[in-house]
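Peer 1: Residue numbers (the numbering used here), protein chains in the order written: chain A, 1 to 459; chain B, 10001 to 10177; chain C, 20001 to 21026.
No wet-lab data here; the hints were simulated from the structure.
One should not assume that every hint holds.
Unchecked claim - Simulated DEER-style distance windows between Cβ atoms:
hint, chain 1, residue 1, chain 2, residue 2, range
1, B, N10046, A, I316, 53 to 61 Å
2, B, S10152, A, E25, 56 to 64 Å
3, A, A48, B, P10080, 46 to 54 Å
4, A, T317, C, G20961, 49 to 57 Å
5, A, W343, C, K20749, 36 to 44 Å
6, A, I316, C, G20289, 49 to 57 Å
7, B, R10051, A, K34, 26 to 34 Å
8, A, K37, B, N10046, 30 to 38 Å
9, C, E20754, B, P10080, 36 to 44 Å
10, A, W343, C, N20287, 30 to 38 Å
11, C, R20956, B, P10080, 24 to 32 Å
12, C, K20827, A, I316, 18 to 26 Å
The beta carbon of each residue, even a glycine, is placed where N, CA and C say it ideally should be.
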Amino acid sequence: MSGNHEAVVRDPLILGKKTYHQMTEDICRPVEGKANKYWWISFFIAFAAMLWGFTCLAYTIGNGIGTWGANKTVGWAWDITNFVWWIGIGHAGTLISAILLLFRQRWRMSINRSAEAMTIFAVICAGLFPLFHTGRPWLDYWMLPLPNQFGSLWVNFNSPLLWDVFAISTYFSVSLVFWYLGLLPDLATVRDRCVTPTKRFIYGILSFGWKGTARDWHRFEEVSLVLAGLSTPLVLSVHTIVSFDFATSIVPGWHTTIFPPYFVAGAIFSGFAMVLTLMIVARKVLNLEEYISLQHIELMNKIIILTGSIVGIAYITEFFMAWYSGVQYESYAFMNRAFGPYWWAYWSMMTCNVITPQLFWFKKIRTSVMATFIISIFVNIGMWFERFVIIVTSLHRDFLPSSWVMYSPTYIEVGIFVGTIGLFFTCFLIFSRVFPVIALAELKTIIKKTGNQYKKKGI
Amino acid sequence: MAKLIYGIFDDEEILMQAIPVLKAKGVVCKDVQSPFPIHGIEPLLNFPRTRISIASFLYGLSGTSFALWMTWYMMIHDWPINIGGKPNFMLYLNLPAFIPVTFELTVFCAAHGMALTFLLRSKILPGVTAPIPHPRITDDKFVLHVDVKDESKTNEIAAMIKSAGAQEVLLKSMQFS
Amino acid sequence: MRGKNISGLKDHQDPKMEKKYWKGVEELQNDAEFVRLKNNEFYENLPLDEVIGKKAEESNLTPRRDFLKFLGFGVAAASLAACEAPVRKTIPYLIRPEQIVPGIANYYASTYFDGYDYASLLVKTREGRPIKIEGNPLSSVTKGKVSARVQASVLSLYDNARLRGPMMNGNAAPWTNIDKAITDKLTAIAAAGGKIRILSSTVISPSTLKVIEDFSKKYPTTKHIQYDAISCSAMIQANKESFGVSVLPTYSFNKANVIVAFDCDFLLNWISPVEYASQYAETRKLNSGRKEMSKHYQFESALSLTGSNADVRTGIKPSQQLSYIIALHNAIASKAGAKSAGSATADGKVIEKLAEELWSNKGKSLVVCGINDASAQKLVNSINSMLGNYGSTIDLDNASNLRKGNDADLAMLLDEADKGEVAALFFYNCNPVYTLPNGEAFAKSMNRIDLSVSFADRPDETASVCKFICPDNHPLESWSDAEPRKGVYSTGQPTISPLFDTRQMQESLLAWAGTPAVFHDYMAANWKAWAPEATWDKIIQDGVYEKTASSPSSYSFNADVSGISESKAAGAIEVVVYEKAGVGNGAQANNPWLQELPDPVSKITWDNYLAVSPKDAREKGWRQGNIVTVKTAKAAVNVPVLIQPGQTPGSVSIALGYGRTKAGKTADNIGWNAYPLVSMVNGLLSYSATAEILKTADEDYVFAATQSHHTMMGRAIVKETSLEEYKKNPNAGNEEELFEVKVGKEISKKPANEVTLWDEHELGNHHWGMSIDLNSCIGCGACVVACTAENNVPMVGKDEVMRSREMHWMRIDRYYSSDFDPKEGEKGDVKLMENPSDMPRVVFQPVMCQHCNHAPCETVCPVIATSHSSEGLNQMIYNRCVGTRYCANNCPYKVRRFNWFRYSDNPKFDYNMNNDLGKMVLNPDVVVRSRGVMEKCSMCVQRIQETKLNAKKAGRKIKDGEFNVACAQTCPTNAITFGDYNIPDSKINQMWKPKERSYHLLEELNVQPNVFYQTKVRNIEESREA
């Protein structure tokens, strides 16, 4: 097994001259060393944004959802838009760690750790919105199947929102477990390198006393494999169920059978964009260019082309079906998206999601870090607009023209959204300083196969 | 004299070749500690294949049945309510609406059940202090645990391990150098 | 349930002290603990000290931590404050007043007339508080129907702006002093022979007139002048000249096959709108048996509610009114061989056709005119007499008393006041400083009046410049009688003892006349004399006393109209003033229910505006919201522009009743006062004038409209057809669409609502439903206010309405036709369809929760806060709702309303739910919804339950029509019918079963509503293809 080396024709995934120890050094450096000033700057910005978000949230809880811009016709707007956006971003992490593991894609190992971390944080951000978009957030626990104070008045298992509750909580907890199990060996590594007893103690707790015997490793790999096998349908189900919120309703523009695949593709699309945005920064700041190489970036860009194109086709299909169905409400909903008062949202979605990713067909752009970074940002924006378009432009003009209205956000809603972005980056920055951002143990198993210097030896 | 000898290797491939050699000489290779999984080492140490995936399947099954029971009990049996004219006379009539929850609960139980079993079974839990024969076994060192039946043979065995490619050999009783 | 009430209320009447309402028995006993808690915002103490208390101040070393603490505290405090569930304490009666059973409503017959709106009432009281106004079915005038304004008057009773007691020279003073002061002055004035004037709006109370008589006996120099802000003086004058009787006729629209109205909003504001509306609706009812309906022509400048219901509407400028009347007159005259009036230019085609139809319906037609212009009225009289309508549709013998205002008298009084000849002036039910064209001038002249007394219930524009304010009781606190029509009487009794230290105007006058009396006894005595055969108690209990009307005799027209020719004074732009459904003449402007009631046509709340025609807007470059100055000969008013389809080009219109300055918090500085645009033209108040319009500001003033999109976008929402089509095929415009259904092998065609995947749920003993006849609905909005009153619907104010968050449980959608509406089967251009026509046809459609049997809202609620009852009701369980708003998103009718904020006890929403006085109007049977929950029409489930319980106690079934929901109950046109599908021959089944005009809104969605609509039919010779 570990004896046979990979074909030379494949580009090395790990550059530079690396020994096991060297890798340990490189990857543990951010955890053990002092943070540089870029880190502190970005941390403070993120933290400030987070505090602002929480202030807006407190204001909302104190005064009511009326502090947002929603109204009698547009009951959901930024809240659910942001929710779906964040959830979508989360998906890339699970996809990389689970699906690519099943497909035995080795290149995933350099990025899966941080991608999974990203999933966790994204799902936390996402969770905030359904929790606090309710009129009486302090009663949210009523959505759990608990007998209520008047006897057994149960929850409604017909409601997609309830499916969400189950899907999101399962998704969050399973990803968390998956991520943390993977962390154990690397935490052990950090533990054994610790000099101060306190640090050693803390990492000792965190690493659950990992000892790395052959038995443990054997079970460990089995568990990872099965978890991957479970997470794969899970991740697909989560966004499917999120899309049910809309697909099972009767609102023209929502009531569409294409939503599940379309949402999943979109999720992976935006997820990878976010991974790229993060990784491109992280590899610089934590100087890990040799582990997260251009090849990784290129491979991810390829996935973006694929998913981006799927999303594009979905948009067109929607339009076709709206026309083909001959339902006047349906066809109007889509005419209204493209040419109604919210045309600007629709067309910015189109440009960002359908046109920009196609640039990746050019190898030059695909392999340019800067271009990738910019486009990844575009995709993130585009995907946000996609959800906004689906939710707001469908709601604001539905069946009875008498109820047609416009919607515009208040600074409170915007503040909360900014806050979640702050929360996300705060968490990620702390993560990058506390945990090894690359799956060290896993990577060591492939160094001999794809490591640069070993390749040379292999000939 | 020690009961247990640690052979410290610094390359998994040398270790892999060493084990059969030592076994041939009647040395009992009990276990191996390594910084990363060494594929194919289980047969050499003749470990059986783990049954944790079967456990996971069973957990999943229980999740499924619990979900089905719960939805039936809450929506059909305990307090059936006319919700939007949807049928709630029999479980199968309303089942399509219950599939998502059933699926999620299945995954939930399977995943968490398995993870817990793993941690408990391998005694990897918060607060457990790991036996670390060498500070770099989580870095780049590979440790072979050799069991000593007859303590008089300790040095002999140690020598054998060295000759099999180990950088150094530690006896349990000794302090780390 | 109607019990008589005479002594009951007198028991706990305490004229000295102002009423106080205890928050709980603790406050009553001044419990120390309670007093302490009362002053805390939060029930349990928040950890304030740790954060901002002393400790923190002293240790101001670590600001960074403090910041975090504050943040944390912010979150904690905010959440705590929000999460605290309100604790409500109740107190039992110590000694229960007779007749009051807690939880059981008492109904008292009463009468409402404020000089403008008349209604004979049943007042619903709970625990001694009037909470809802309902019509008195015994009355032959209002027939148990009530208009929006009268519905809302119960809230005016609890208006916080009301005076707590009498005022002398701006300070509170006890009645005794006031009586003394006034009597002294009066005697002095009388001795000096100074002129004493009582200025009032129309007084229809015989007893009050008698009181004034007695008063003037004591002070002979007294003269009583009646003045209506919106005057019908010209009609009375014209009738005098035409028939020698100076009265207003009583109309019978129900006997008319052809109805013609010139600038006359008789369905909403003109003289006795509720009466006319119900008569009018009688002529519009269609069913399998009756396939004929009246034809309604309207000639007007502004798009009035009446005009928008007309079959044929012709837009004319005010200056053309006379021309068209003359033209019609001459056309009829030529047929009748009568003398014709002067020549006139008018659209001959319309007039010819109209004349034809009128002539062929002699004696079964009616021409009315709302213009306060004697010659116009004379012509109309002549037309009607030529058509022989006197004695059939018009009745001069049983004359109407509802408008007695005499503009000549008013002019005289103003002149006297101007000259300073008036020594004493009393104001009753009127507010001239606000309603007179030149109010300021009048206000100035008033300080030369020695004794000025106002009976207003608040220091309004007039009262505030009076020396004395002697607040009159609210009608619901007063004894009263009324004679709306000759021989038709109704009486009013107090339904609550006066809330404040107020006194009935009649008692005040009697006191000053030196014959103090309790008005009840005074009235009783009168009635002994007037109706010896009837017992007083019976009259009070019924609330009505009607002599059998003498059959109307026909009158011969004897006035010369030949001299009348069209007025040449045509301006480029002419302005007309009109009244809105809610605020009306402005007397009740401080009533939030009326301010938030959308204008039936423009759907705008909390504002008036200058309605301009789209054509003018295009030509003159006015944009909606531009501020313009309307300049007439005498006055100028700044007002924002609203582009109003249907407004006649060359004319603009603006509503009266707004721009109050001293009405109270709610009304002050809302809108712009248009009364200055009214003018005296040869002795009569004229409500139109030529004007010029100058754009002053280019700003975009934003209106709070409840409907921002005006066309149906070619969707079959309001199904409509012509009478011609309908006669051919009763399903016209409502052809049933069949869908192919394949069950197993065999294929069948079914209507949408019979296609279903599942077996239906069993329904219980009842299956409630509702029918809405779009042919009867005139869109007046009475139902909206009734619903608001019955169901404690909160008012949210202009800003929130701008954010489309009005809370009305039922709304009346109004759609304009578009020039681009697609014909049968073709697809229109959706962009163009958005533009209404310049002169559109208008349809109204009341929409409330449709109580779908396959409700989309129910399925999506995660916590089952809304589910279906065994009686077909879609129930909303407020205290289970967590507020995800998913149900609202998924409701195709968008009838669900969300509590975005806490609307009660919230200074940000300072309406009746924010003060103890205003809260007295709340219906104890309906919970006040807390913040963050969804609400919607419940089909007045509290009424359903009450009736079921009563039936159960009596051990019988509920009879069809035994009770009614609030909206249907008040609807002047009986457009709404509520009933039980499970009663085979129930009214609602009779309406649904024939399946001629009945249809479900958005039927193709197959949500199976329990509410259905009836196709609108227009009486026009036109087939849809044309």
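Peer 1: Verify the CB-CB distance for K20827 of chain C and I316 of chain A against the hinted window 18 to 26 Å.
Peer 2: holds, 21 Å
Peer 1: Within 49 to 57 Å or not, the Cβ separation of I316 of chain A and G20289 of chain C?
Peer 2: holds, 56 Å
Peer 1: Using the Cβ atoms, figure out if K37 of chain A sits within 30 to 38 Å of N10046 of chain B.
Peer 2: violated, 55 Å
Peer 1: So the hint says 36 to 44 Å: do the beta-carbon atoms of E20754 of chain C and P10080 of chain B match that?
Peer 2: The hinted range 36 to 44 Å is violated for E20754 of chain C and P10080 of chain B, with Cβ atoms some 25 Å apart.
Peer 1: Tell me if the beta carbons of S10152 of chain B and E25 of chain A are separated by a distance inside 56 to 64 Å.
Peer 2: The hint (56 to 64 Å, Cβ to Cβ) is violated, given that S10152 of chain B and E25 of chain A are roughly 42 Å apart.
Peer 1: Using the Cβ atoms, figure out if A48 of chain A sits within 46 to 54 Å of P10080 of chain B.
Peer 2: holds, 52 Å
Peer 1: In this structure, is the beta-carbon distance linking N10046 of chain B and I316 of chain A contained in 53 to 61 Å?
Peer 2: holds, 59 Å
Peer 1: A range of 36 to 44 Å was offered for this pair. Does it hold for the Cβ distance of W343 of chain A and K20749 of chain C?
Peer 2: Hint holds: Cβ distance 41 Å, inside 36 to 44 Å.
Peer 1: Quick one: are T317 of chain A and G20961 of chain C within 49 to 57 Å, going by C-beta?
Peer 2: holds, 54 Å
Peer 1: Is the hinted range of 30 to 38 Å satisfied by the C-beta distance from W343 of chain A to N20287 of chain C?
Peer 2: violated, 48 Å
Peer 1: Tell me if the beta carbons of R20956 of chain C and P10080 of chain B are separated by a distance inside 24 to 32 Å.
Peer 2: holds, 31 Å
Peer 1: So the hint says 26 to 34 Å: do the beta-carbon atoms of R10051 of chain B and K34 of chain A match that?
Peer 2: violated, 47 Å
Checked against the numbered hints above, the structure breaks hints 2, 7, 8, 9 and 10 and satisfies the rest.
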